[in-house]
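S.K.: Here is what each chain is made of, one letter per residue.
Number of protein chains: 2
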Amino acid sequence: MNNIIFLERGEIETFLPGERLAEAKLLMEPYVLIDPEEIADEGAWLQFLEENNPKIIFSGWAMEALPNHVFDLAPNLKYVCYLTGTIRSVVPRSLIENGLLVTNWGSSISRTISECALLLVLGCVRRVSYWTQKMHSEGAWNDGSETHSLFGKRIGIHGFGMIARELIPLIRPFTDRISAFSPGVPQSIFDEFEVSQAGSLEALFSENDVIVELEALTDETKRIVDEKLLRTIPANGVFVNVGRGAVVDEAALARVAKEGRIQIGLDVYEAEPLPKGSPLRGLDNVLLLPHVGGPTTDRRVDAGDHALRNLRSYRSGNELKGVFNLEVYDRST
Amino acid sequence: MNNIIFLERGEIETFLPGERLAEAKLLMEPYVLIDPEEIADEGAWLQFLEENNPKIIFSGWAMEALPNHVFDLAPNLKYVCYLTGTIRSVVPRSLIENGLLVTNWGSSISRTISECALLLVLGCVRRVSYWTQKMHSEGAWNDGSETHSLFGKRIGIHGFGMIARELIPLIRPFTDRISAFSPGVPQSIFDEFEVSQAGSLEALFSENDVIVELEALTDETKRIVDEKLLRTIPANGVFVNVGRGAVVDEAALARVAKEGRIQIGLDVYEAEPLPKGSPLRGLDNVLLLPHVGGPTTDRRVDAGDHALRNLRSYRSGNELKGVFNLEVYDRST
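In order, the protein sequences belong to chains A and B.
Residue numbers for the first sequence follow the working numbering, so the first one is 1 and each next one is one higher.
Residue numbers for the second sequence follow the working numbering, so the first one is 1 and each next one is one higher.
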């Protein structure tokens, strides 16, 4: 029996710099470390699993999918410690049902996404997309058109999970007028963060100057942010999405964007990569980032530390942080 | 005798919305309110001064210059309440020497400039100029190139006046590693803001990941940020200037920028408007804003409130905030 460390060189360098790889090896004993490039295809992967019959797999973006019948090949498999985000494409739901422990980077990267949200909000009120395009391409200077500040603005957050909670201390220096709408989050959490609850999604959008979209994607929330809702954002208002692209009706968003009445900042999209011909491109009231919310390259180490803590807990029989149960699995990407 | 309110309609609308103009009128009694457009030339302005012999002038960007011999024309003149920033082009030094009280927007707008500094810093670490240009003009998507976060970074601030002090609470949620270099600022101020002092300007630049330029412009600081200093900023570091353009050797900055080794964010320049042919334009590691640091349109009201407080204090014989003495005058633009 060998546990499997299945990581690319680039992942090791950025997620596990310094002494971290050495500690990971100790925690994975007995282990085999293999570069994903050495596994030619699915057949080779399944054979490799069977040969090593691991208890733990430590992997990341290059993870090969586990088959539904993985326990036939690797009956000892108990825990997949996944360094990065998306697990649904590599771990079938049935394995969670059958008790496989799975963790990913969990909330260790939330604060970098919150930081991205603040950047997009500040960039929208100052119209950074406009100035960047005009100043670099058109030799422009200040034309006297309006710019805004975040100070004193009303901020409404759709969703109140970890990223939203990490966002609060970043925006608090600018304003105390913060509200959120997130059905299912208990009142005590809003109280803890001193955030008021909007009575409805409609109230959240129409009664704030800045909307930050952070709601989880479910069947209920898919395209819940529709054209009608977007049109209730006050003039000169801001709509920022750093959560899930598909929560928004993107075609409607593009129509609203084109009118120029509000500023829009996006890091996530319905389809990624964002199509070259997307109508969101080329608009000077839309600030676009290519899903770089988090973790930034320099903060991948936070996810590495999070994984090491979980591997340590697993070895010592303590509880893991952020284990995927079926509910979390179904809400994840 | 009539006091003079000499403001453009646009200034009145944005600096003195709501009840503020009415209060200003009360505080300026007896007053004459005139739109600067109605004063044809310098001769008309001097005649207008002589006719009204004001004690107080309340003005802003459209202020006509006061002549050195203004007390011959308006012997009662005691106080110029200036709504906006630059006073050196409208109030000769000799009038300050002769006891004329002058106030401008003082530190009422500092926080919006601090906000702009944070925006440029966040924009630089995430390479917003790069992504904005690529995504809007070239149909680009995430190419896997590095992005950074502000969390845990070392921040060095050159200058520690009001804007720097307002910046501290905005960056504190990201990092505690904040130092500054500002000769003449007492240790007690650094202690109050829990900021450490760099031993030299060289140490500040070479030992931080992010440099925020906020030093006042004097004969000693003109172009003090030279090529040698800029080259000591660590690779992937950030240089942001929201203070005075001429503190930096801009030709040197453009040469360093072109190499792409650091990210640069600028709101101020040696010559403004920034020349169309500036080598800073078109670089994807340079984020450019056209001197929109502060106040933003929506926060001009803070400068209006500041002016009203000073007019109120003047009427009631209390001390004014931010009166220009000769030292402040000489350091101002």
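Misleading hints may appear alongside valid ones.
Given that identical chains are not distinguished, each listed pair holds provided it fits within a single copy or across any two copies.
[Claimed, not checked] Listed below are the simulated EDC-like cross-link pairs for lysine to aspartate or glutamate, each with C-alpha atoms no more than 20 Å apart in a straight line: (1) K134 <-> E97; (2) K134 <-> D284; (3) K134 <-> E272; (4) K153 <-> E166; (5) K276 <-> D143; (6) K222 <-> E64; (7) K78 <-> E50; (8) K153 <-> D298.
Bear in mind the hints are in silico, worked out from the structure with no lab data behind them.
S.K.: State for each hint whether it applies.
M.R.: Now for the hints, and whether the structure bears them out:
no.	hint	verdict
1	K134 <-> E97	neither (54 Å within a copy, 44 Å between copies)
2	K134 <-> D284	both (9 Å within a copy, 13 Å between copies)
3	K134 <-> E272	between (27 Å within a copy, 16 Å between copies)
4	K153 <-> E166	both (19 Å within a copy, 18 Å between copies)
5	K276 <-> D143	between (30 Å within a copy, 14 Å between copies)
6	K222 <-> E64	neither (28 Å within a copy, 59 Å between copies)
7	K78 <-> E50	within (14 Å within a copy, 92 Å between copies)
8	K153 <-> D298	between (31 Å within a copy, 10 Å between copies)
The earlier numbered hints that this structure contradicts are 1 and 6.
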